[in-house]
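Keeping the supplied structure of chain A fixed, place chain B upon it in accordance with the hints.
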Amino acid sequence: SQQGEEDPQALSIQEGENATMNCSYKTSINNLQWYRQNSGRGLVHLILIRSNEREKHSGRLRVTLDTSKKSSSLLITASRAADTASYFCATARSNDYKLSFGAGTTVTVRA
Amino acid sequence: SQTIHQWPATLVQPVGSPLSLECTVEGTSNPNLYWYRQAAGRGLQLLFYSVGIGQISSEVPQNLSASRPQDRQFILSSKKLLLSDSGFYLCACPGQNTGELFFGEGSRLTVL
Numbered sequence: 001s002q003q004g005e006e007d008p009q010a011l012s013i014q015e016g017e018n019a020t021m022n023c024s025y026k027t028s029i030n031n032l033q034w035y036r037q038n039s040g041r042g043l044v045h046l047i048l049i050r051s052n053e054r055e056k057h058s059g060r061l062r063v064t065l066d067t068s069k070k071s072s073s074l075l076i077t078a079s080r081a082a083d084t085a086s087y088f089c090a091t092a093r094s095n096d097y098k099l100s101f102g103a104g105t106t107v108t109v110r111a
Numbered sequence: 001s002q003t004i005h006q007w008p009a010t011l012v013q014p015v016g017s018p019l020s021l022e023c024t025v026e027g028t029s030n031p032n033l034y035w036y037r038q039a040a041g042r043g044l045q046l047l048f049y050s051v052g053i054g055q056i057s058s059e060v061p062q063n064l065s066a067s068r069p070q071d072r073q074f075i076l077s078s079k080k081l082l083l084s085d086s087g088f089y090l091c092a093c094p095g096q097n098t099g100e101l102f103f104g105e106g107s108r109l110t111v112l
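Going line by line, the protein sequences match chains A and B. Going letter by letter, the first sequence gives residues 1 to 111 in my numbering. Going letter by letter, the second sequence gives residues 1 to 112 in my numbering.
Extracted from the complex, chain A is given alone in its bound form (with noise of 0.2 angstroms):
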């Protein structure tokens, strides 16, 4: 069953600009994970925040974990073109790889 959703639903932003999408879930986690999805491709992993751990930073990628709000963000700073696809939370209750997926939030940036 999916644990996570994401807010909002799609996203459409202007090159350059920041992009914030948020994910909330029902019950305590081992870890926190985001993919990101290009149209009709396969999901590439991006960042992993443990629930120990409240900030986490790849490149332009800023990812937040709040556990008492059950909430995670991600924020993508100076958004470009090759940004644009669905991203979605991930969270895993054990190191088992068995991941619970929301139903993703769809980032158009416009050039």
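Keep in mind the hints are simulated off the structure, nothing from the lab. Do not rely on the hints blindly, as some may be mistaken.
Claimed, not checked - Listed below are the simulated SDA-like cross-link pairs for lysine to any residue, each with C-alpha atoms no more than 20 angstroms apart in a straight line:
(1) A:Lys-98 x B:Gln-2
(2) A:Lys-98 x B:Ile-53
(3) A:Lys-98 x A:Glu-5
(4) A:Lys-98 x B:Glu-59
(5) B:Lys-80 x B:Val-15
(6) B:Lys-79 x B:Gln-96
(7) A:Lys-26 x B:Glu-59
Here is chain B on its own, set in the frame of chain A:
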């Protein structure tokens, strides 16, 4: 680094016909393997996972089955497809860093 091959990439099948989707992994040995399905506009749902040859665990009751005849081969099958089996099927294995999954490019199944 690992590579996942999935085929066929696209498949259109009539209701009631059989199905076989294949996933082959390179660059890693004895991996855990996973089949996920993505319905249109939705997230991914875990269908099956395997920790080794002949070992299959099903996550949801359904019309599909999985098999692992070889260490790096994972097959998704059905004897009689339903309309609701339409979707994008993704095979995955653990990535290079602990906790992350590495996905293949998927097989898109349309049942008519």
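The hints, checked one at a time:
1. Under the criterion of a C-alpha separation no larger than 20 angstroms, the hint pairing Lys-98 of chain A with Gln-2 of chain B is consistent with the structure, at around 19 angstroms.
2. Restraint check for Lys-98 of chain A and Ile-53 of chain B: satisfied, since their Cα atoms lie roughly 18 angstroms apart, inside the 20 angstroms limit.
3. As the CA atoms of Lys-98 of chain A and Glu-5 of chain A are separated by approximately 17 angstroms, the hinted pair is consistent with the 20 angstroms bound.
4. For the hint linking Lys-98 of chain A to Glu-59 of chain B, the alpha-carbon distance of about 10 angstroms falls within 20 angstroms, and the restraint holds.
5. Distance hint between Lys-80 of chain B and Val-15 of chain B is fulfilled; the C-alpha atoms sit about 7 angstroms from each other, no more than 20 angstroms.
6. Between Lys-79 of chain B and Gln-96 of chain B the CA atoms are separated by roughly 35 angstroms; this puts the pair beyond 20 angstroms, and the hint is violated.
7. Note on Lys-26 of chain A and Glu-59 of chain B: the hinted pairing holds, with a Cα-Cα distance of about 19 angstroms set against a maximum of 20 angstroms.
Hint violations for this structure: number 6 only, all remaining hints satisfied.
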